[in-house]
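These protein sequence lines map, in sequence, to chains A and L.
My numbering numbers the first residue of the first sequence as 1 and each following residue consecutively.
My numbering numbers the first residue of the second sequence as 1 and each following residue consecutively.
Because the hints were derived from the structure by calculation, they are not lab data.
Be aware that one or more of the hints could be misleading.
Using C-beta positions, here's what the derived DEER-type ranges look like [what the hints assert, rightly or not]:
| no. | chain 1 | residue 1 | chain 2 | residue 2 | range |
| --- | --- | --- | --- | --- | --- |
| 1 | L | Ala112 | A | His130 | 48 to 54 Å |
| 2 | A | His130 | L | Ser121 | 19 to 25 Å |
| 3 | L | Ser54 | A | Arg122 | 53 to 59 Å |
| 4 | L | Gln55 | A | Lys107 | 32 to 38 Å |
| 5 | L | Ala112 | A | Ala50 | 23 to 29 Å |
| 6 | A | Gln92 | L | Glu69 | 49 to 55 Å |
| 7 | A | Ser54 | L | Ala50 | 28 to 34 Å |
| 8 | A | Ala123 | L | Tyr126 | 18 to 24 Å |
| 9 | L | Asp118 | A | Leu125 | 17 to 23 Å |
| 10 | L | Ala112 | A | Lys128 | 48 to 54 Å |
| 11 | L | Gln129 | A | Lys128 | 27 to 33 Å |
| 12 | L | Asn39 | A | Gln92 | 27 to 33 Å |
| 13 | A | Ala144 | L | Ser121 | 56 to 62 Å |
Computed from a predicted structure; not experimentally measured.
Don't be surprised by glycine CBs; every beta carbon is placed ideally from N, CA and C.
Spelled out, the chains give:
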Amino acid sequence: MNKMVIVMLLTLFVSYLSAKENLELESLRIEFDNFITEQKYKPYAKKEKAQAKSAIEALYNQRGEVKNHAVYMARNHLKKAKLAAEAGYLDQALKETEAHLQTVNMKTLKAEAQLARMEADRAQLLIKLHAEEAERARQEKQNALELANQKASEAEMTQAELEAAQAYAKAQEKVAALAKEEADLAFAEIEALRMQLESLVAKETDAGLMMTLGDFVFDSGSANLKQAAVDNFDRVMQFISGYPGRKIRIEGHTDSTGSEDLNQKLSQKRADAVKQLLIKNGIEAERINAVGQGESHPVATNNTEAGKAKNRRVEIILLK
Amino acid sequence: MKQNMMTKPLQSLKKALLLAFLSTLIACSPPTVVEINDNTYYQLEEQVEAVKNSQVADAAPLEMKFITEKLQRAKKAKAMGEKREEARLTQQIRSDIEVARLRAKVNRMNQALLEKRDELSAARVYLQQLEAQLP
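One chain only, chain A, in its complex shape:
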């Protein structure tokens, strides 16, 4: 029994010595030790590490050509363990990076969504602003149009009013001018009438003193005495007043225009009108005899206007 123990101890000692001699194996061992103590590879390739460890440990008792092969295989085991650990580490790193990327991508998506919402809100706001701007512009345009229309209308009205006023003024001016013209004419007529009346002269005839009133004292075709003639009848009254005791004969005459009967009536009416005027001026009616002679006693030809004018007359005769 003791011999057996001694043999075993010797075997162990010999193997220890032979291992000590092999520097390459030590190098491999150190490389393996360094590898398995590296923190980042600790969790990975446990199976490959165990295989490498076994292979390396087995080398201590190998010899010769077999040993070279075993060393190569052990080195390959170590390589495989390292690569497997690296792969495990990379796999983990990839997973972690992928997780980080997912997290970042999620945040990115959220940020993009938030930005998209903001963009949409902004776009909506812009649309609203544009709509309001368009509405405001439309309203302003409408207001401007209304104002322009109003101004145009006012201008038109003003123009129309102005034109109306001008027309009215012109009309008034015309009326005034006409009135003035009429007044002038009337005045001229009155003046002419007055002058004619004042220029009346008495003629001595067989029947007595006679004063002849032209037809200018009557309205045309009528027996109405003109107001001017009435107002300027002083000359006639002076003539009559000079002979207060004499009877007065008033004869009306016409031209030959128109019917004889009509002319007779017109001449009578004109004689009567003068008679009434004399009565109105204080002459006694008994002194006056008004006679219509018609067209029967012309003093001039009825073939000319001048002759006809002379024939249309009223004669006031102060009988002898």
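Keeping the supplied structure of chain A fixed, place chain L upon it in accordance with the hints.
Showing chain L alone in chain A's frame:
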């Protein structure tokens, strides 16, 4: 009683030594080498070709160089009838292929991680720009 007290630690020491001895014997045993037959090389050749035609070739050129060289040696060993050498080379080539594949995988993952980090960085910048627009 006293004898009992002396023999118990001795027995425990023996058990420990026995375990250590057995472990040493296991460790001293030669590494398990793959078993090969006449088709092993051709299967290995097909495997290598497949790897050469994959993205692994670009991702692990050094390993591919070793693999190609070892495949030549395996072919030679097969031709010479050196079964042990062929078996060792076959085992090494298979292991190299695994290493190459792992390296390619790590390279891809590294590239993917770089791209992912770039993406994350760009996403963060974009997020910051967005957040700056927010009230």
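Hints, verified against the model:
1. Ala112(L) / His130(A): 48 to 54 Å: Between Ala112(L) and His130(A), where Cβ atoms are some 50 Å apart, the hint holds.
2. His130(A) / Ser121(L): 19 to 25 Å: violated (41 Å)
3. Ser54(L) / Arg122(A): 53 to 59 Å: Cβ of Ser54(L) to Cβ of Arg122(A): about 55 Å, so the range 53 to 59 Å holds.
4. Gln55(L) / Lys107(A): 32 to 38 Å: holds (35 Å)
5. Ala112(L) / Ala50(A): 23 to 29 Å: Roughly 28 Å apart at Cβ, these two residues keep to the hinted range, so it holds.
6. Gln92(A) / Glu69(L): 49 to 55 Å: Distance hint for Gln92(A), Glu69(L) is violated at roughly 35 Å.
7. Ser54(A) / Ala50(L): 28 to 34 Å: Once the Cβ atoms are compared, 29 Å apart, the range 28 to 34 Å for Ala50(L) and Ser54(A) holds.
8. Ala123(A) / Tyr126(L): 18 to 24 Å: holds (22 Å)
9. Asp118(L) / Leu125(A): 17 to 23 Å: With a Cβ separation near 39 Å, Asp118(L) and Leu125(A) fall outside 17 to 23 Å, so the hint is violated.
10. Ala112(L) / Lys128(A): 48 to 54 Å: The hint (48 to 54 Å, Cβ to Cβ) holds, given that Ala112(L) and Lys128(A) are roughly 50 Å apart.
11. Gln129(L) / Lys128(A): 27 to 33 Å: With Cβ atoms ~28 Å apart, the hint holds.
12. Asn39(L) / Gln92(A): 27 to 33 Å: violated (41 Å)
13. Ala144(A) / Ser121(L): 56 to 62 Å: This hint holds: roughly 60 Å between Cβ atoms.
Comparing the model with each numbered hint stated earlier shows that hints 2, 6, 9 and 12 do not hold.
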